[in-house]
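A.B. asks: Letter by letter, the chains look like this.
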Amino acid sequence: MTETLEPVAPVTDARDALVSVQNLTKYFPITRGIIFRREVARVHAVEDVTLSVKAGETLGLVGESGCGKSTTARLIMRLLDPTSGKIYFEGEEISHFDRKKMRPLRRKMQIIFQDPYSSLNPRQTVGQIIGSPFTIHKTEGDTKDRVQGLMDRVGLNPEHYNRYPHEFSGGQRQRIGVARALALQPKLIVCDEPVSALDVSIQAQILNLLTDLQDEFKLTYIFISHDLGVVRHISDRIAVMYLGRVVELAQADELYLDPKHPYTAALLSAVPKGHAAPAGVKRTVLTGDVPSPVDPPSGCVFHPRCPKAREVAGAGNEIPENCRSEIPPLADVRAGHQAACWYPLSRGEELQESAHI
Amino acid sequence: MTEKLLEVRDLKVHFNTQDGVVKAVDGVSFSVDRGETFGIVGESGSGKSVTNLTAMGLINKKNATISGQVLFKGRDLLELGGDDLRQVRGKEMSMIFQDPFACLHPFYRVGDQIVEAILAHDDVPKEQAKKRTLDLLRAVGIPQPEERFRDYPHQYSGGMRQRAMIAMALVHNPDLLIADEPTTALDVTVQAQILDLIDRVKTEFNIGVILITHDLGVISEVAQDVMVMYAGRPMETGTRDQIFNQPLHPYAWGLLESIPRVDQKGTRLLPIAGAPPSLINVPPGCAFHPRCPHRFEPCDKERPEFVDRGGGHPNACHLSPEEKRRLWDERETRRGAKV
Numbered sequence: 469m470t471e472t473l474e475p476v477a478p479v480t481d482a483r484d485a486l487v488s489v490q491n492l493t494k495y496f497p498i499t500r501g502i503i504f505r506r507e508v509a510r511v512h513a514v515e516d517v518t519l520s521v522k523a524g525e526t527l528g529l530v531g532e533s534g535c536g537k538s539t540t541a542r543l544i545m546r547l548l549d550p551t552s553g554k555i556y557f558e559g560e561e562i563s564h565f566d567r568k569k570m571r572p573l574r575r576k577m578q579i580i581f582q583d584p585y586s587s588l589n590p591r592q593t594v595g596q597i598i599g600s601p602f603t604i605h606k607t608e609g610d611t612k613d614r615v616q617g618l619m620d621r622v623g624l625n626p627e628h629y630n631r632y633p634h635e636f637s638g639g640q641r642q643r644i645g646v647a648r649a650l651a652l653q654p655k656l657i658v659c660d661e662p663v664s665a666l667d668v669s670i671q672a673q674i675l676n677l678l679t680d681l682q683d684e685f686k687l688t689y690i691f692i693s694h695d696l697g698v699v700r701h702i703s704d705r706i707a708v709m710y711l712g713r714v715v716e717l718a719q720a721d722e723l724y725l726d727p728k729h730p731y732t733a734a735l736l737s738a739v740p741k742g743h744a745a746p747a748g749v750k751r752t753v754l755t756g757d758v759p760s761p762v763d764p765p766s767g768c769v770f771h772p773r774c775p776k777a778r779e780v781a782g783a784g785n786e787i788p789e790n791c792r793s794e795i796p797p798l799a800d801v802r803a804g805h806q807a808a809c810w811y812p813l814s815r816g817e818e819l820q821e822s823a824h825i
Numbered sequence: 246m247t248e249k250l251l252e253v254r255d256l257k258v259h260f261n262t263q264d265g266v267v268k269a270v271d272g273v274s275f276s277v278d279r280g281e282t283f284g285i286v287g288e289s290g291s292g293k294s295v296t297n298l299t300a301m302g303l304i305n306k307k308n309a310t311i312s313g314q315v316l317f318k319g320r321d322l323l324e325l326g327g328d329d330l331r332q333v334r335g336k337e338m339s340m341i342f343q344d345p346f347a348c349l350h351p352f353y354r355v356g357d358q359i360v361e362a363i364l365a366h367d368d369v370p371k372e373q374a375k376k377r378t379l380d381l382l383r384a385v386g387i388p389q390p391e392e393r394f395r396d397y398p399h400q401y402s403g404g405m406r407q408r409a410m411i412a413m414a415l416v417h418n419p420d421l422l423i424a425d426e427p428t429t430a431l432d433v434t435v436q437a438q439i440l441d442l443i444d445r446v447k448t449e450f451n452i453g454v455i456l457i458t459h460d461l462g463v464i465s466e467v468a469q470d471v472m473v474m475y476a477g478r479p480m481e482t483g484t485r486d487q488i489f490n491q492p493l494h495p496y497a498w499g500l501l502e503s504i505p506r507v508d509q510k511g512t513r514l515l516p517i518a519g520a521p522p523s524l525i526n527v528p529p530g531c532a533f534h535p536r537c538p539h540r541f542e543p544c545d546k547e548r549p550e551f552v553d554r555g556g557g558h559p560n561a562c563h564l565s566p567e568e569k570r571r572l573w574d575e576r577e578t579r580r581g582a583k584v
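In order, the protein sequence lines correspond to chains A and B. Going by this note's numbering, the letters in the first sequence line up with residues 469 to 825, in that order. Going by this note's numbering, the letters in the second sequence line up with residues 246 to 584, in that order.
Since the hints were derived computationally from the structure, they do not count as laboratory data. Fair warning: there could be bad hints in the mix.
Claimed, not checked - Covered stretches of chain B (in silico footprint by chain A; criterion: 3 or more residues with CB under 8 Å from a CB of chain A, positions within the stretch not fixed):
hint	region
1	338-350
2	436-442
Stated by the list, open to error - Facing chain B, according to a computed beta carbon distance under 8 Å, are these residues of chain A, among others:
hint	residue
3	664
4	667
5	673
6	676
7	704
8	753
9	780
10	782
11	785
12	787
By construction, the Cβ of each residue, glycine as well, lies at the ideal position given by its N, Cα and C atoms.
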């Protein structure tokens, strides 16, 4: 079934990929005027993203707010239309499928949202919410039985079938969202910050549930989060995004032990460690804010904040020419470890302290 | 000799509602010294914010039954009336909140809002207030303060708004700064900047800081002393090292084991079973007993006292110190954290 994929997919593991995207780009236009609408600028939300997700694996997408991680996931699910680039699902190009053609595919891809309060209709009972995928896709069989089975599976009391979302706590609501996503036995589930709104003790329960379900139903996850601890815990591979681009992609452990991109290294060092850190471990504090995606910097998008580029340049000198003008490609630094940087870090290299804010 | 800035003694805040009495804060005691960051950690609804809102006099006494003492530099704030309290609040102690988007008025320039905060307590010429504002904006790391003074809040990024809030909290050189989830709405790299800033401000202005958060990671980075709260009660208070390396309360154990750690390979998480209780029907005895794997005879009947059983590490649990040491070591071994 992947024969047709061969000529267009240079990615070596695209054969067993469930989902893959190539040079995926999404711009949102900013318009002025009411009658004569004209585009005055574009938000570069996702730019030239190429990645693939193998069946049964969990790909983590991390990055700060506005880096395009959610947009990427929504493009993959075709909830948004790409500006350019290709999306493959089970070896088939779906980038330009219309609604009708997408419909049978929709049941294979589901999404769990961040906010368990706003993603459930307050006027529907839990039974209606979890059962609606069955109604929409007109499946046969007893809906109530299946809904109660799902409720039981995700740790909800099946007798609460007729209750409304407000009668549940945040963690239980998230379980409702999980049950709804599971209803049609999808292949791919996009988890968009599914535990960010939950307390830590509840968060751990949901993460364990997601892991168990993955084993049981052979699910593939795209797991979006800004919490690097959570992402490391659940992911097999991780893609780090910055200003719409994937800057590094590697096995979870390798990424944490041996980050190659200065942004990844800075991001990791900014995470509070959650226990009394040994004295003398320095944090790399990035200065300034993420630049606007309307007018992203030239060359490497990270160069204005990059401590490594400054180090290469030496004190008082300008940042290296290639960082400023050429976009670094996402290239292999080692088998299965890609980074988009002209001067990747060596293992254990410490970034110099940025000037104090 | 460290100066004791704030001492809270057996604070209780109960709200009367139609459904019953909500015991939001139920017997909290702690103290904060000058030059220290005191961390309060707990899940949502554990009473950490209400404790501090009460200390700031921001809870309307008509709606709540408040008892206990809040001693600020020796004076009991709970007994101060409107005008006296206003003198303290915003001048000697100030507060920053979680959401910097909601805390700045969208129609007024950021600089003018800070000037207003100065004029609220100090009778100084406007020019002088403006100069002080610019100094503060510079001190909290806002670039080009002269131009940024005239900006509206929407022109600031999230991190900059939080910096502006910190500047506003510092206008009267307070003695105590209460930061309620100051970095929860921010990205990790910006969070690191703001935590550094709070730490620097603490040293430069020589103030005490109370940092409220649900994030144990944040606490571990900046706090010297930590209080763990659950269901409106303190469970355990100790130094950072005590809480993270030798915690004494099963709830603290559960919390520490629930966090996926960035520097450790993901083994299966060990969540706390169940959900936090409603504050109207707090379980009898120890509030944590229904979720505690180590509960025994008196736990569901007698409320354990919050006392120091040696080592300057008070906690509220019936287990004996030896028993706790054994259980914690056992859990650590099971988790594979110890070799």
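A.B. asks: Indicate, hint by hint, whether the structure satisfies it.
C.D. replies: Consistency of the hints with the structure:
Interface restraint, the region 338-350 of chain B with chain A: violated (0 residues with C-beta to C-beta distance below 8 Å; minimum three). Interface restraint, the region 436-442 of chain B with chain A: holds (6 residues with C-beta to C-beta distance below 8 Å; minimum three). A distance limit of 8 Å between C-beta atoms decides the matter here; for residue 664/A the minimum to chain B is near 10 Å, and the interface restraint is violated. The beta carbon of residue 667/A is positioned within 8 Å of a beta carbon in chain B (closest approach about 4 Å), and the interface hint is therefore held.
Among the interface hints, the one on residue 673/A holds; its C-beta lies about 4 Å from the nearest C-beta in chain B, closer than the 8 Å criterion. The beta carbon of residue 676/A is positioned within 8 Å of a beta carbon in chain B (closest approach about 6 Å), and the interface hint is therefore held. Nearest Cβ of chain B to the Cβ of residue 704/A: about 10 Å, over the 8 Å cut. The hint is violated. The closest approach between the C-beta of residue 753/A and any C-beta of chain B is roughly 5 Å, which is under the 8 Å cut-off, so the hint is satisfied.
Below 8 Å, beta-carbon pairs count as interface contacts, and residue 780/A has none with chain B, the closest being about 21 Å; its hint is therefore violated. Annotation: residue 782/A was flagged as interfacial toward chain B, and the flag is violated, the nearest CB pair being 24 Å apart, outside 8 Å. Residue-level restraint check for residue 785/A is violated (minimum Cβ-Cβ distance to chain B is 22 Å; threshold 8 Å). Proximity of residue 787/A to chain B is violated relative to the hint, the smallest CB-CB distance being about 19 Å (cut-off 8 Å).
When each numbered hint is compared with the structure, violations occur for hints 1, 3, 7, 9, 10, 11, 12.
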